[in-house]
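Residue numbers (the UniProt record's numbering), protein chains in the order written: chain A, 1 to 289; chain B, 1 to 272.
No lab work stands behind these hints, which were simulated from the structure alone.
Quick reminder that beta carbons are idealized off the backbone N, C-alpha and C, glycines included.
Incorrect hints may have been included.
Lysine to aspartate or glutamate pairs mimicking EDC-like chemistry, simulated, CA-CA at most 16 Å apart [stated by the list, open to error]: (1) 120(A) to 56(A); (2) 165(A) to 204(A); (3) 68(A) to 47(B); (4) 176(A) to 30(A); (5) 267(B) to 56(A); (6) 165(A) to 188(A).
Residues of chain B placed beyond 12 Å of chain A at every Cβ, according to the derived structure [what the hints assert, rightly or not]: (7) 3; (8) 4; (9) 21; (10) 105; (11) 114; (12) 147; (13) 164; (14) 165; (15) 168.
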Amino acid sequence: MKVIEVRGLTKFYGKNRGVEDLNFEVNEGEIFGFLGPNGAGKTTAIRLMLDFIRADRGKIKIFGMDSKNNAVAIHREIGFISGENFLYPHMKGRELLSWLKSFHKHKNGLSLSRLLEIFKLDTKRRIKDYSSGNRKKLALVQALVHHPKLLILDEPTNGLDPIMKENLYAVLKSLKGSGTTVFLSSHDLTEVQKVCDRAIIIKDGRIVDVEDIHELVRKGAAIFDITFVDKPSPEALAGLNVLAQSGKTVRIQTTGSVQDMLRWLSQYQIADLSVTKPNIEDIFLTYYK
Amino acid sequence: MSWPIFIQTLRSYWVTITIYAASLFGYSMLLASMYTIVDNLSGVYTEMFKAMPEGFLEAFGASNFFEGGLQFESFLSMEHLSLFWVIIVGAFVIGFSARVLAGEVEQGTVALVLSQPVTRTKMFLSKFFAGIIGIVVLVFASICGFLLQANLLEFETAPVEGYWLFIFVAILFFTGLLAVCLMFSSLVNERGRAMLFGMVFLALSYVADLFARLQEDWESLQYFSIFHYYGKPDDILTTASFDDWSLVVLIGIIVVATAIGLIVWNKRDLAV
Numbered sequence: 001m002k003v004i005e006v007r008g009l010t011k012f013y014g015k016n017r018g019v020e021d022l023n024f025e026v027n028e029g030e031i032f033g034f035l036g037p038n039g040a041g042k043t044t045a046i047r048l049m050l051d052f053i054r055a056d057r058g059k060i061k062i063f064g065m066d067s068k069n070n071a072v073a074i075h076r077e078i079g080f081i082s083g084e085n086f087l088y089p090h091m092k093g094r095e096l097l098s099w100l101k102s103f104h105k106h107k108n109g110l111s112l113s114r115l116l117e118i119f120k121l122d123t124k125r126r127i128k129d130y131s132s133g134n135r136k137k138l139a140l141v142q143a144l145v146h147h148p149k150l151l152i153l154d155e156p157t158n159g160l161d162p163i164m165k166e167n168l169y170a171v172l173k174s175l176k177g178s179g180t181t182v183f184l185s186s187h188d189l190t191e192v193q194k195v196c197d198r199a200i201i202i203k204d205g206r207i208v209d210v211e212d213i214h215e216l217v218r219k220g221a222a223i224f225d226i227t228f229v230d231k232p233s234p235e236a237l238a239g240l241n242v243l244a245q246s247g248k249t250v251r252i253q254t255t256g257s258v259q260d261m262l263r264w265l266s267q268y269q270i271a272d273l274s275v276t277k278p279n280i281e282d283i284f285l286t287y288y289k
Numbered sequence: 001m002s003w004p005i006f007i008q009t010l011r012s013y014w015v016t017i018t019i020y021a022a023s024l025f026g027y028s029m030l031l032a033s034m035y036t037i038v039d040n041l042s043g044v045y046t047e048m049f050k051a052m053p054e055g056f057l058e059a060f061g062a063s064n065f066f067e068g069g070l071q072f073e074s075f076l077s078m079e080h081l082s083l084f085w086v087i088i089v090g091a092f093v094i095g096f097s098a099r100v101l102a103g104e105v106e107q108g109t110v111a112l113v114l115s116q117p118v119t120r121t122k123m124f125l126s127k128f129f130a131g132i133i134g135i136v137v138l139v140f141a142s143i144c145g146f147l148l149q150a151n152l153l154e155f156e157t158a159p160v161e162g163y164w165l166f167i168f169v170a171i172l173f174f175t176g177l178l179a180v181c182l183m184f185s186s187l188v189n190e191r192g193r194a195m196l197f198g199m200v201f202l203a204l205s206y207v208a209d210l211f212a213r214l215q216e217d218w219e220s221l222q223y224f225s226i227f228h229y230y231g232k233p234d235d236i237l238t239t240a241s242f243d244d245w246s247l248v249v250l251i252g253i254i255v256v257a258t259a260i261g262l263i264v265w266n267k268r269d270l271a272v
């Protein structure tokens, strides 16, 4: 079942592009990554999905319902974390949680005490006295406490220490196990590689690629650090994905078969050669070159 | 209406409302206690006011000053209810309305609220009704202050029906102001701009009403001012009567401004 279906989604802020002709689908029970640098349109897409802003063109369906006309029914099953930790500073943590829970009275949520234990959060203080990390934890707890079917997370680990990040990943994986779908926008590509099943790469408001994470990694087959006996001519390197060159040493990333690369290399005299598997960040950068 | 938003709005405003209400109650008692002093000097005031244009006296709620001496209600109208009280309660209304919509957009908390299962309409109306509760508390605090002090000092006051009617009119007037200010607040992304629009509206309304009273040529200007439909507080208090047309216009302002505010709030992008 498709939990999110986005078709031809376009939003301009006056003359400035927000997102343009976005098309993607998110399946039930998957953790879906949403990758892109600042200004790529990630937050705009999330705001459109949650009906905070209105699209110029295109449709969004969540749980098979139109995101604008059925916002209330959809939001009943959604947990959301904004990237900016927008919370009421004068409220105490527990006041905020109990207030937000009152919107979901009919639902049996997750155990609040369990979540507070996982994230080691003190809810007796006022939010204005929280550190940014604790605000993020509070935002996470409020998004999770009513046990949503869909979690929309905008940069959820910004400000969290490594232990808390691992705790969050564990929670996300356990939610996935219970059928919850997660839409995760993140700058931390290693994090996406670690927890996501598929990912979108968005650039300048447009989708560059939608891939299975393992396919994404496979696409960037290998990085070759080659030291030639004689400096290769520019013509010889034409058509290759050269990441860096310094004299006779060249770093090349293959995006196709490794076999082809080895065949090409056999034409030259090689002084040294090392092959490494690229991480997702290397692959991501190739989209932004 | 959404009860969680309504209750939360009141909870976050209870300190402000309490401070305003306590201050208005105390100030009303203090002012009422000054009635004896001013009443003793009514001869001096009468001579002074006779030299002033009638429109000027009307503008400051002192037009009934000479009729049968200085009545307690005329004194309240002149000293407080015609202008200063409107400014004080108006400041609350303007500040409140700017914060609950534009302020939420500016602060980003609107995203937290609207990611919950609640419509924009319910959010708007919950804020609107919370604002009315604030207005009711402030109006009652003020009138209770007057009446309590009058009772303690054994002043003769107009029948209680006039006070009930004035409470009703005042609530209606400030609700009209609230609806207009919420309409402004729904239009903009910054609390400061929403407050500015509210203050300019109130100031222009007052100036229009004042000019209309002072200059016969500009008499028709009064119909564009919300103050015109507020009427004369001492007339309402002493005669327990209020112009039907003004009542209709005040209700019309509330309905139209709320409808425009709701349409704008529902249609616009709510993110900065």
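* Violations among the numbered hints -> As far as the earlier hints go, 1, 2, 3, 7, 8, 10 and 11 are violated by this structure, in ascending order.
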